[in-house]
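Asker: What follows is each chain in one-letter form.
Protein chains: 2
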Amino acid sequence: MPNPYDAYREKLQQIADVRYSLAVLQWDQETYMPAKSAGTRARQIATLSEVAHNMQTDSALDSLLEKLQEDKNLSEDERKNIELSLYDINQQKKLPGSFVRQMSEAISQSYQFWLDARKQNKFGIFEESLSKLVDLKKQEANYLGYENHLYNALLNQYERGATVAMIDPVFNNIRQPLKELIDEVGKKSQVDDHFLQQHFDKNQQWKFSMQLLKEMQFDFEAGRQDISEHPFTTNFSSEDVRLTTRIDEKDISNMTWSCIHELGHGLYEQGLPAKEYGLPLGEYASLSIHESQSRLWENNVGRSFSFCKYMFPLLKSYFPTEMQKVSVEQFYRSINKVQPSLIRTEADELTYHFHVIIRYELEKKLMENSITVKDIPAYWNGQYKKYLGVDVPDDKRGCLQDVHWSHGSFGYFPTYSLGSLYAAQFFNTASSQLKELQNEIVAGNFAPLLQWLRTNIHQHGRKFTSEQLCERVTGEPLNIDHFMKYARGKYLGIYTP
Amino acid sequence: MPNPYDAYREKLQQIADVRYSLAVLQWDQETYMPAKSAGTRARQIATLSEVAHNMQTDSALDSLLEKLQEDKNLSEDERKNIELSLYDINQQKKLPGSFVRQMSEAISQSYQFWLDARKQNKFGIFEESLSKLVDLKKQEANYLGYENHLYNALLNQYERGATVAMIDPVFNNIRQPLKELIDEVGKKSQVDDHFLQQHFDKNQQWKFSMQLLKEMQFDFEAGRQDISEHPFTTNFSSEDVRLTTRIDEKDISNMTWSCIHELGHGLYEQGLPAKEYGLPLGEYASLSIHESQSRLWENNVGRSFSFCKYMFPLLKSYFPTEMQKVSVEQFYRSINKVQPSLIRTEADELTYHFHVIIRYELEKKLMENSITVKDIPAYWNGQYKKYLGVDVPDDKRGCLQDVHWSHGSFGYFPTYSLGSLYAAQFFNTASSQLKELQNEIVAGNFAPLLQWLRTNIHQHGRKFTSEQLCERVTGEPLNIDHFMKYARGKYLGIYTP
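Those protein sequences? They're chains P and A, same order as listed. Just so we're aligned, residue 167 is where the first sequence starts under this note's numbering, counting upward by one. Just so we're aligned, residue 167 is where the second sequence starts under this note's numbering, counting upward by one.
Keep in mind that the hints were calculated from the coordinates and are not lab data. Please note: incorrect hints may appear among the correct ones.
The list treats identical chains as one, so a pair stands whether inside a single copy or across any two.
Here are the computed lysine-lysine pairs in the DSBU-like style, where the Cα-Cα straight-line distance is at most 35 Å [said to hold, decoys possible]: (1) Lys353 x Lys380; (2) Lys531 x Lys345; (3) Lys482 x Lys202; (4) Lys475 x Lys285; (5) Lys368 x Lys482.
Extracted from the complex, chain P is given alone in its bound form (with noise of 0.2 Å):
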């Protein structure tokens, strides 16, 4: 008999065993399955989530974790890990399985017409089963629990602890000075970026893409990059993590940062705990300190001046024809153009916060029923006409163009915002204990930076909650000031001629 400890681990480890299977199947899909193989892969995987299903529903589960809880010999991080496995069993059961089987059902349906709406450009397509998926998160969130805002429920299942009364203030406070910041820039006279949109052969970038993510400390013995339509990063453990890019040879930016956001991602997987694979100390934290990951690498470090002193030049030696009159100051400059637009996953630093702001508020209508779906295109306008400025000119560019509703993800977008947040604030802290930063990622030395990282954030897994591990990193909690400050230091430099 091993101890209960041990056959715990085993059964999450085997259960993490098919669920990183099914994120093998799931990669292959976006990468490199054949067009004829779409029918059977959709089942196999689903019959494979459902074998991961019943071995996290199994009652031997269960027992050994109720054992387990009364364990007074078991150490700290065993205890954390029976503590959050308890949890998420706990969430999972929940919900009944035929209110799971109804919802998978909705959502697939729900997904075709949202295809079908965005292709014939008319959001009507998409209203009936929009409008029936909204019901069904409705009772899922009266199934999962919640106090005084029925969203709540849903803000926590992907970032656990978020709340309205916790976001509500961060965008409140957030939302002014970030308008004025906008409308100051905006006032200035705008960057030239029209060589970034010049002609760039493929292959040239699939191999600066390469050399980037090798010189900013990717291992590529725990993972690789391939190409897949949208950029993803997955993973099947800490030692095999898979970046993706999409390249377009119109445009050199689009890959560059694209990549260097999954490289963000895919360092944080690769510096979780090996020796805790399956168990949830081996699991990131939350949706927004993974998106604090691919933010800090992709904007603080990405797009800053220092940064473009160190790629500037590796770019030029890959495009020298194409950079022959670009300035390392120009490229910073242009790399960093704020201009209010209607596609939330091409925005700037900036104007990127008003698209999670609309959605966050909208959601949060929807569940409060003060709006209905029908409301949708008509609220989603005007809220991009007052806060951006910007006509809607269909819904294709307005509120059909992201997917995350017809999967059944409300709650989802307020992680990308915090992510930006939280990453200003651990760069912050970042910058005052390496005194060397700014000059190292001149140099293209990104070690140190990483190794803090690590040390800071990853090593420890799921073990502190966001705001736990912000308090640990930073000393405070999350704090909007560190990323207006970053904001407004950077882009009043930028915009002043």
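Following the hints, position chain A against chain P.
Answerer: Okay, now just chain A, sitting in the frame of chain P:
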């Protein structure tokens, strides 16, 4: 309640989902997986294997099969599926779980010893673990049951119905005429094939192989080709077939015919009936029939003069300098050079069979205790001298060359030779039914031959045994005369100055 046949099909398809997921993990392991992932991937594969095994031995499946066995309303194909599923499950049940685990551990160990023995070029290192494995295989044969010869139980695992009484006469009858042909050829002046061993650029070879696969009817909407250390074919359904190849820059023939060989396997998989996904009728008939498809394309098509007329100009377009002074006649002779050698996988069409015969006889003797594991090197080297006239310089190039034994595969090798013999017989029938076959091959039109194989072989899946299929397609049982006639005609032609 679904009807029992639908319930049976769904269960089988779910098992297939897991088995094919496992195959995706293995494919990724051999093609793209980063080095550090080896450990976790091994456990992911082990867990999925266990999941599949548990599903296969689920008693609910037993009850369904029992019920369906009595069902008079099933179609002929449905009855065949039930019959084959019952056979498979009964075979599986003959081995106790504890024995399966014991075997699996012995194989893991044995494989490590084999790797080490090969590295150190010393059979002694492998000996003990191989002895253990041979003992276990004897136990396995006893669990499985057999008539007349213990080896029959093992042969039957790879080729249903194969017995010593069936294979002995095949090998006995072919040995003498084949030896005479090889000797006769050996007396003639040898062909010049030095131009096959120039430097052939990797990328050019890759492009050439992709064009070849496309023109030879591989459906890239339902499959792909990648690079791996050892070429193989796997599939995740008949609509997702993965070939791999390897490229040796010092030898163009290495990649070319290995690529065509895998193509033959791949075309077979793509031709299996998609509607029988997960069911026995959706599977290949047997290993020897699978091999007949790869050999038919590799040898009967791919090493023919007609094929050279088609392919050599294409090859020349990729390597104009390297092939500048080579005529299609010289090329044809060079790729059909006969030369007794040490390594099975590098052997020509004629001497190949002796490599198989030696292993077959050796395994038979091991199983009947007429030699022991300790005797293997001496026996091996003696037989190579006797049959092929070559001196085996060391174990690495002798009895340690193949991985099969360390994987616990005893009884596998005969399927290689049977495959060649079936290929010759099938190709003979195809040639008499497709009057324009040679002209079509010259013209690079492979659709008629593929259509013939689809109709006569592929579409039937596992409906017929190798022997039944052979009779159906060619009107007679396996007959070595077809191979010998083909071999004599071809090689005496080449070796007549």
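Asker: Are the hints correct? Go through all of them and say.
Answerer: Do the hints match the structure? See the list:
no.: 1; hint: Lys353 x Lys380; verdict: neither (40 Å within a copy, 58 Å between copies)
no.: 2; hint: Lys531 x Lys345; verdict: within (22 Å within a copy, 86 Å between copies)
no.: 3; hint: Lys482 x Lys202; verdict: between (41 Å within a copy, 33 Å between copies)
no.: 4; hint: Lys475 x Lys285; verdict: neither (42 Å within a copy, 49 Å between copies)
no.: 5; hint: Lys368 x Lys482; verdict: both (15 Å within a copy, 28 Å between copies)
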